[in-house]
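What follows is each chain in one-letter form.
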Amino acid sequence: QQQVKQSPQSLIVQKGGISIINCAYENTAFDYFPWYQQFPGKGPALLIAIRPDVSEKKEGRFTISFNKSAKQFSLHIMDSQPGDSATYFCAASTQAGTALIFGKGTTLSVSS
Amino acid sequence: EPEVTQTPSHQVTQMGQEVILRCVPISNHLYFYWYRQILGQKVEFLVSFYNNEISEKSEIFDDQFSVERPDGSNFTLKIRSTKLEDSAMYFCASTGTTYGYTFGSGTRLTVV
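Chains A and B, in that order, give the protein sequences. With the first letter of the first sequence counted as 1, position 29 gets the number 32 in the numbering used here; the numbers rise by one all the way through. With the first letter of the second sequence counted as 1, position 40 gets the number 685 in the numbering used here; the numbers rise by one all the way through.
Bear in mind the hints are in silico, worked out from the structure with no lab data behind them. Bear in mind the structure is a predicted one, so any value in this text is a computation, not a measurement. Among these hints, one or two may not hold up.
[Stated by the list, open to error] Distance condition first, Cα-Cα at most 25 Å in a straight line; then the derived SDA-like pairs of lysine to any residue:
| no. | chain 1 | residue 1 | chain 2 | residue 2 |
| --- | --- | --- | --- | --- |
| 1 | A | Lys71 | B | Thr755 |
| 2 | A | Lys61 | A | Ser114 |
| 3 | B | Lys687 | A | Pro55 |
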């Protein structure tokens, strides 16, 4: 019940295209859903996050869509660029100060 | 922007030896964490630390592991007797009273 399931495992998108990564969870106590971007040899960096009281949050080219009833959330990267090539992790936690549970990650390659 | 600083960036140790990984969290943060990431896998929670004691730990965090905040700035992870399977990236993170987890760049631990 503590798992966060992420798909796809890898994704290849053409420059300018839309990248979509999906996550699903079971624990209804989760109330914070961040997405992290990780480049090789670096730590995860917070990209965007959402709480369950909203269904969508947009920051620049990055959008989180959240479906509370389906217990799913997704990351959309609009106008994908080669510099977006990285591993993306979804995560969830129950409250501030508690453990983040990560998905298995999606390796995104944006071809020019 | 405030950073979480980790040292060393890479540590090679012999199996059975003790290692100490060091972290300097963001100064006004209250919660401190250790996560690990085995090569190519997801980021896994190890332990959280609040008010000078462990607040939460995972199954991975067994008796071989310990954490300490020896002074007002450092946060350490000790592995008493390293095994080959402890080889991983270890990330320190910190948060304040909100959800904003900030991760360090990690320490790559190689056990030979």
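Status of the hints after comparison with the structure:
| no. | hint | in the structure |
| --- | --- | --- |
| 1 | Lys71/A <-> Thr755/B | 41 Å, violated |
| 2 | Lys61/A <-> Ser114/A | 24 Å, holds |
| 3 | Lys687/B <-> Pro55/A | 24 Å, holds |
Going down the numbered hints, you'll see the structure goes against just number 1.
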